[in-house]
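Asker: All chains, full assembly: derive it from the sequences and hints.
Residue strings, one per chain:
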Amino acid sequence: MPTLSIPALDEVVYLEPGETVLSGLYKAGFSYTVGCRRGGCGICKLDVIEGSFSYERPVADTVISTDERTDGTCLSCRAIPESNITIQMREYEVRLVNPLLRQINEKARLRAEALAAAPDTPTTPDAGAGDD
Amino acid sequence: MGVMRMGYAHVKVTDMTEAKNHYNGTMGLYETHSDVTPDGAKRVFYKGWDEWDHHSVVLEEGGVGVVKYGWKVEHEADIDDIEAKARTFGLTVERMSKGDNPEIGDGIRFVTPSEHVFEVYHQATAVGTEVGTHNPEVFPRHLVGIGVPALDHSLITTGDVGTMERMLSDVFGFYATERVQTSLDDDHECVGTWMTSNNQIHQMAVIGGPQGKLHHFAFRLEDWNSVGRAADLMTMDDVPIDIGPTRHGITRGQTVYFFDPSGNRNEVFAGGYLAFPDRPTNVWTVDQLGKGIFYHDRELNERFTTVLT
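Going down the list, the sequences are from chains A and B.
The UniProt record's numbering numbers the first residue of the first sequence as 1 and each following residue consecutively.
The UniProt record's numbering numbers the first residue of the second sequence as 1 and each following residue consecutively.
No wet-lab data here; the hints were simulated from the structure.
A few chain B residues facing chain A, derived, Cβ under 10 Å:
id: 1; residue: 260
id: 2; residue: 263
id: 3; residue: 308
Cβ coordinates follow ideal geometry from the N, Cα and C atoms, glycine included.
Answerer: This is how it looks when you write it as structure tokens:
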């Protein structure tokens, strides 16, 4: 359960595993300037100042240069966090546009944190075991 | 008559598997050929159901943006004519041979002032439309996805629209059906032009921006209903829609702008009024550009001038 911190807004957003930065932010009620959403235009670039991420699909060299592969530049529509990450926007800040989605995301994050913190929480039982 | 139409758009895609899902599965193009370039790049060739030449769209794996455009001329002699005009214009023209492009004949190639590669050819292997020519049905029964009939036009960007308009006019014999200008004064700057050689409202449009970039290439649809249905299918296939369905003030065409899986902008385009060379050119001033591009929103979205491949 990676989280995404936005220090500028004092916000922490919960991302589903395997979810892109862009998708996670939009689903949590945030918005910012994006373009093609398919890794082709580079408009949604931001900086990851802490944590790591990877691209699981091809990204054109014209969009992310060799230097940008290692300097924290994050093409947010394609980047999937590998750990908790902290982001910093470039020209345009992230805005909260849907407080309801924000609230739902906050609850999901707290629930996930509580689950992770609980000692020896029984997880999936072995095959064949009943539930409830 | 010279150039009849944009015969093919050859574009780059980052992932061929995803691109094929889009151009075949969602757009409904028919694959006619695939190969690997000497550099090892995968290519796939497509045609729409109502096109008769071998292909109209070429995808090449590795990057994004446009590789080149092919322009089909009516007569073999038109190639020489265009070559002479291109040289007069000051362009460097090279000959291309039959087979440089699969199933395309001899022709010429040059780089435009906008830094796009144009090829001009007369011969292409005839494959035939999917409904044939003998007592044809009005569309193929088993179309896939949107089922676009044909490639329609493209919009490219350049730092100098005026020079590109002059080139398309002097070399290709195109005329402008619509134009966007900074003002109506004599000393105006041309910031956009929509050009054609025949009754099609535009075959190539050019707007101000970086050199050598692709804004979009478009597929033809019949009417508003098919534009709406296309947008429905884009939602089903999770295709990111840029804008629409809406209408352009410029050309009066009905449209959806959307992105392929590599981020190249596509369009489905229907309608547009009949163009004639003696029809006075429509002129839009930049203060009304929003209405000209998106007739209902009346303002450009933030992607229109920034998202290019």
